[in-house]
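Once you have looked at the hints, place chain A on chain Y.
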Amino acid sequence: MEKFTLNINDQKLSIECAPDTPLLWALRDQLGLTGTKYGCGIAVCGSCTVHLDGTAVRSCSLPISAINERAITTIEGVGKDELHPVQKAWIAENVPQCGFCQSGQIMSAIALLEQNQNPSDADIDQAMSGNICRCGTYVRIRSAIKNAAKNNV
Amino acid sequence: MKPNTSNNKLFKVSRRDFVKIGAMGSTGLILGIPLACKQNKNTFLTGREDAVFAPNVYISILGTGEVQLIAHRSEMGTGIRTSLPLVMADEMEADWTKVSIIQAIGDAKYGDQNTDGSYSVRMFYHPLRVAGATVKLMLMQAAAQEWQVDISECKAFNHEIVHSSGKSFGYGYLTEKAAALPIPEESEVTLKDSKDFKFISKETVIYDLEDIVTGKAVYGLDKQIPDLKVAVIKRNPEAGAGLKSFNSDNATEIDGVSKVYKMEATAFPMGFNAPLGGIVVVANNTWTALKARDAVEVVWKKGINAGYDSNVFMEQMQRSVQKKGHVKRQEGSATKALREAAKVIESDFMVPHLAHSPMETPCAVARYNADGTCEIWAPVQSPQWVQQAVAAALGIEEPKVIVNVTLLGSAFGRKSKPDFVVEAALISKEINAPIKLLWTREDDIQHDFFHSNCAQHIKVGIDKNNKVTSWVHRSAFPSISGTASPDAKGPSSDELCMGVLDMPFEIENVSCEALDANAQIRIGWLRSVHNINHAFAIGSIVDQVAQARQMDPIDNMLDLLGSDRKINFAALVEGFNNYNVKLEDYPCDTQRFKKVVQLVKEKSGWGKSLPEGQGMGFAAHRSFLTYVACVVEVEVDDNNIKIPMVHYAIDCGVPVNPDRIRAQFEGGAAFGASLALKSEINVKKGAVVEDNFSNYHVARMADAPINTAVHFVENEEKPTGVGEPPVPPFIPALCNAIFMATGKRITRLPIKL
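Sequences listed follow chains Y and A, in order.
Residue numbers for the first sequence, in the numbering used here: 743 to 895.
Residue numbers for the second sequence, in the numbering used here: 2 to 754.
Isolated chain A, as found in the complex:
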């Protein structure tokens, strides 16, 4: 989820476009422009193999029977390239073995393509069901017309329309006739009953599975086109600071180097589209480019962030949260209640900068053509944003930029920023040749859009009846908006709605406060975003509260969540942001919240006796509209932490592709293990200290949980996010388990025992 920034226009525009397109659905055009819907009553079935039936932008049926489904979201490991097509396939009764998935280019006609914020399934589940069901209806109409029978005598089954007499037509055979029919109104379309689902909520393996295990899958870095040169860029260690001088003599002498030149830097805050600038090295192949880059001598300038030291900054933030901040949510009087409290539990919590470090570093192939068009092949999360950014950078119209989306070698939010693609496009134009831009791992870790470092203070008052009566939560962190605007002085309300302002506990006196902190390095959204910081602090203090109340942590949680209710955050917080959807449609329902807590208690063997050095910890957090409760088991031996088991209980509505949801939670726990145990970005004198996986540590096999079980709350609620929600509660659950095993409270990440 991205906050409102000037560079976030696309997100908003796309959402509006989607709504507009969605509204067209009610007038008969499903999700876009009908491609072949001229009514022609004289069409007869001929079985022509070259016939095409494409009633909307997502679905085509060829005369051969092949069904082509568009994947308009980016595949970065969530399985979305499989999960949304299977929704269409299910409603249209397609045979999955006859389905081909076509990756969409960036184009507004597909609606929102920004694969970010864990909303792909949430936003498209219903419209794509309707799209599939409409196709099925039209095929039934075509068959009924041909047989001259009533449509009620026909049904769709596994790629055929079958008549009650037993005769049948294959989908391919019906394409010509179906294409001649008018597209029915959405009101005429019947969706399947959930008991009839063939793919939704069932196990479907990912479409690219065999290509991946045989090395055939094509990621951005693998894309080849004729005459492709390779480019790398030497960048100022301080983002946005330019260069004084450079000497490329040694570089250009290397055989195979075609050009070394200066790309202008954009001063900080440069936003998400602007290249960082530096010295561009273009060569015939990667190794030559890398060697030549090493050979370039550069004298960098110092910029406005040359004094940035992330440790000093953390100390400043930690000091700041000791005092009252800008109050963003207030109920009752926390000050008074704390004064009258029998016990006060309080702690600071610190989280460092983090890097995305997707396995595939940022990279892009760009070809600026003589006719003024530019073609891109790149692993990007938001191809429409890339299209806009590249068009603006090249000074050409958006339709002249064609953005082909490859597979993404993971992304975690890094590849939603178009900067690296803009760099590639500019280089291609400059050298007048197709190029592949490679970000090395050093480039990736040193020049990321970093996760906000954060200091928090939480203070909880307990009265003499052992009741929690007050809650004060202060959070200081540089805003993501600070990457684009010098006016962003600290956390925005949107950002605080990821954990602070959506605090769900039934406590009478509440004060949620923000403290200023300015961005001095590029800040970006990383998987789970500010929920990482806030769930860590809340999940940890709540465990301390349970201890102080001498209550079981799960009973304490259920008590804090309080009565069954849908929390009206809109009445408590000005401009409350519920992940960009209405609270009425996706409420924060404490009954559903408590259900995941109870389910994890039941499934995890919570409360079992454990040998010395072992512990179980619990935490629960709602993010991206999904309720997650987590129990982590640890073994601590001589400060060595092992995680034998993780249990998650989740309520994400209808689980559209359960295997991929489990995979997201297994992976989410491992991602959380990286952040909790390993990862830390330090900045000194404006430059990032870490530069590769040798010093920016992430979880490896032995650090990650050995087993992760995922337990679903079964319901028919609307589906909600699953990519990001696994991470936040895992970290405090782990910390609480470590406390049980060792008696040590963790208040700073990464964990150091």
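Same shape as in the complex, but just chain Y:
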């Protein structure tokens, strides 16, 4: 067990855990941030997507010991005061079905739009290819991303 101080959603939070603990389980089990979901544990489904210095990463495969000072943003840190435009676009399209994967989808979509303000269908396919939705909300995710882009995220 080691002590780590993490910069999560603009807060310094300390936890004690094994250094190889994936960020996902630290967030969920120890910090009560359960908006980030477990889906596969091997970084192939995207349910656990968070931002590390603004880049989308899979928290299930990111050991706590590798994070250091870098800023972590989870779904709970997005639109804390007011909903983020991507969240608003998700609401406008009524995107979720079961909703379980949507935290990860939203985190990937925000990261995409921060890099590319006007993504093509192919850009969306590529950026979102790591996020599985078993309910199949892909049609609406695509529309929501396009609408959010139009509204200049």
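None of these hints come from the bench; they were simulated from the model.
Watch out, some of these pointers could steer you wrong.
If you only want the chain A side, here are some residues facing chain Y, beta carbon under 10 Å, derived [said to hold, decoys possible]:
| id | residue |
| --- | --- |
| 1 | E204 |
| 2 | I213 |
| 3 | G243 |
| 4 | H357 |
| 5 | M702 |
The calculated BS3-like cross-link candidates involving lysine-lysine, where the alpha carbons are at most 30 Å apart (straight line), are [as the list claims (entries may be wrong)]:
| id | chain 1 | residue 1 | chain 2 | residue 2 |
| --- | --- | --- | --- | --- |
| 6 | A | K344 | Y | K892 |
| 7 | A | K99 | A | K168 |
| 8 | Y | K888 | A | K719 |
| 9 | A | K217 | A | K168 |
| 10 | A | K99 | A | K196 |
| 11 | Y | K888 | A | K203 |
| 12 | Y | K822 | A | K324 |
| 13 | Y | K830 | A | K99 |
| 14 | A | K609 | Y | K745 |
| 15 | A | K344 | A | K643 |
| 16 | A | K604 | Y | K888 |
| 17 | Y | K745 | A | K643 |
| 18 | A | K325 | Y | K830 |
| 19 | A | K337 | A | K325 |
| 20 | A | K604 | Y | K892 |
| 21 | Y | K754 | A | K430 |
| 22 | Y | K822 | A | K344 |
| 23 | Y | K892 | A | K224 |
| 24 | A | K643 | Y | K892 |
| 25 | A | K224 | Y | K830 |
| 26 | A | K260 | Y | K830 |
| 27 | A | K292 | Y | K754 |
| 28 | A | K643 | Y | K754 |
| 29 | A | K260 | Y | K745 |
| 30 | A | K609 | Y | K888 |
| 31 | A | K679 | Y | K888 |
| 32 | Y | K888 | A | K643 |
| 33 | A | K430 | A | K302 |
| 34 | A | K224 | Y | K745 |
| 35 | A | K263 | A | K224 |
| 36 | Y | K822 | A | K99 |
| 37 | Y | K830 | A | K430 |
Note that the structure is predicted; figures quoted are calculated from it, not measured.
Glycine included, C-beta positions come from ideal geometry on N, C-alpha and C.
Frame of chain Y; chain A shown alone:
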């Protein structure tokens, strides 16, 4: 839909209970036990905020005006937690912004809670309308009494009872008085005219929408209670086979591990409730539990299915369907007609095992208490079944098991099986502490209740006048019942009623046959169940028949459906099962069937000319009492398949929540794309080969349809299922589109070009 098995008792019991409760409605008690209906003429309006008016188990109005509506079905993504409450809200003229939705625990007083088989709306639409309308009537009676006017001068409007003079009372203010009134007979209650609907057939967003997009929604995996430990189980790769020995020394050395012990396995066929057994690892947190599980050394035993190889089994099934099977439906003489046919079209069709792989893996929180009660929080489709299964496993009475239903991170039928909750309850009792059991994705994919793999052969005879005169359909697949009973040797009639025996074509000579195939792995019902296999085969052969007849596929379909009629399958098939409802109430009406076919033709731009490498395919299928026609467009480029557009035309009766119906069809097409293009479970030596989304592939953004349009046939028929019906016709429509684009016929899933 589940077939009859010994483990399916709950389904039957619940249905009976529902009917019993429903019958009470006619004597004045709507759908359950009245909680506050003692007549007391001396009640006056005081506006007490702590007053409660709860005339039935589904609806309460508080003195504050808040309306609490019970969602007694499980929310797994269909929107049912919104769609049924909005039915009540509409009839009671409630203001939706003043409605709170309360998720019901598992309790027989709510009637059937088994969220499965696409029947939630079908079964509860009418009773919940009556429940809402009764509340409205009582509020009107209360106001009329208070004003001492005739009730005809009062009407309900947006959470108020308004008198013709303009004065009004809010619902909250009326609760005390309404609660003192006797509950009226159903015959006194008037339902709204459909033109007055405010929520039914209108667009209502899902109740949990904002919680979901902000990460606040609570699924089973998110549930926290004090002192919760985490458990995972190391299981024998062969379901039901036990273990020889294990060594947990390395595991127990890990800091934070509290217990490692053996849970007994139940031998195959173990049914749907029994834990698979194995080595249970309990730890302070998930990561520690996972590491400790890896550190446990186990020597497994081999069981009765150690030789199971799904490829060999498929070859056996394919061979078996070349010969005549057990005839389950027969008209005329197909053999004779085939002999005399000018052309015979025939093909085999193969579908592999499939896994449900819901995004949220099976998981459950259980707390076995010192007083002998057990509380559960879990993402389950059938909380009453869970209650029964847990009570039986713990040896306690059912009322001592409290099953709280969380949101379900999708389910597709997996979470109607109680096995994982039983495991959690047993572990909590064993360690005498609250635990959360996690199934990892590997556990989920390797130890699922798999979709039946299936081989079929269809043979169609066309006479010299280009008329289809014979139809032979043979299907071989392991029965779901085989998971519970060693006596289940192959498809049951109930299972064959999902596509084979309910074949709707007007053909003179018909033979529908079943071939034996025994379950050697846990088999379960997956979204759309056997309709997946059968619609794939039928929709594909029908396209070949159109080609052979040199007919447009849609014209061919309309011709095969034949004259306008309600098909009396009961006269054609012994013990015909029409999704557990009477054919008289929900007939297979070829007129309605043809209407969806014509509608999809009209809306899809069917017949337009397409560039090389593109194709349009069509298929139609009735399942779960809903008629669906589908046109899929594909672009095939260097064996890469893209699906730019899907059109569905559907007749599901009154569309109660159209946005959620469209969502089910959009998602159904994507689910179909997974099954058609990606997914396959292989079993070797009794163990599943695939173990995560890295090798059990499902549709991702680029694989799924880019657009899906849903066109409704407008009518006022009784609502029918929408969760499962989208999947079956999509797959053959896609295959037929691929044929048009490439000239290749697809006869085996997943598609390999």
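Can you verify the interface hint for E204 of chain A: is its Cβ closer than 10 Å to any Cβ in chain Y? holds (8 Å)
Next pair to validate is K604 of chain A with K888 of chain Y; report whether the Cα-Cα distance is within 30 Å. holds (25 Å)
Quickly compare the C-alpha distance for K99 of chain A and K196 of chain A to 30 Å and report which way the hint goes. Holds. K99 of chain A to K196 of chain A sits at ~23 Å (cutoff 30 Å).
What's the verdict on K822 of chain Y and K324 of chain A, does the C-alpha distance respect the 30 Å limit or exceed it? Distance ~65 Å between K822 of chain Y and K324 of chain A Cα, so the pair is violated.
Assess, step by step, whether the Cα of K822 of chain Y is no farther than 30 Å from the Cα of K344 of chain A, and give holds or violated. Violated - the C-alpha atoms of K344 of chain A and K822 of chain Y are around 68 Å apart, more than 30 Å.
Checking one constraint from the list: CA of K99 of chain A to CA of K168 of chain A, max 30 Å. Satisfied? holds (21 Å)
Under the criterion that the straight-line Cα-Cα distance not exceed 30 Å, is the pair K822 of chain Y, K99 of chain A satisfied? Satisfied, since the Cα-Cα distance of roughly 25 Å is no more than 30 Å.
Holds or violated: are the alpha carbons of K344 of chain A and K643 of chain A at most 30 Å from each other? Distance ~34 Å between K344 of chain A and K643 of chain A Cα, so the pair is violated.
Restraint check for K217 of chain A with K168 of chain A, where alpha carbons must lie at most 30 Å apart: Cα-Cα ~41 Å, so violated.
Verify the proposed pairing of K892 of chain Y with K224 of chain A, using a straight-line Cα cut of 30 Å. violated (37 Å)
Restraint status (C-alpha distance of K754 of chain Y to K430 of chain A at most 30 Å): violated (38 Å)
Sort out whether K643 of chain A lies within 30 Å of K745 of chain Y, counting only the CA atoms. Status violated; Cα separation ~49 Å.
The earlier numbered hints that this structure contradicts are 3, 6, 8, 9, 12, 14, 15, 17, 18, 21, 22, 23, 26, 28, 37.
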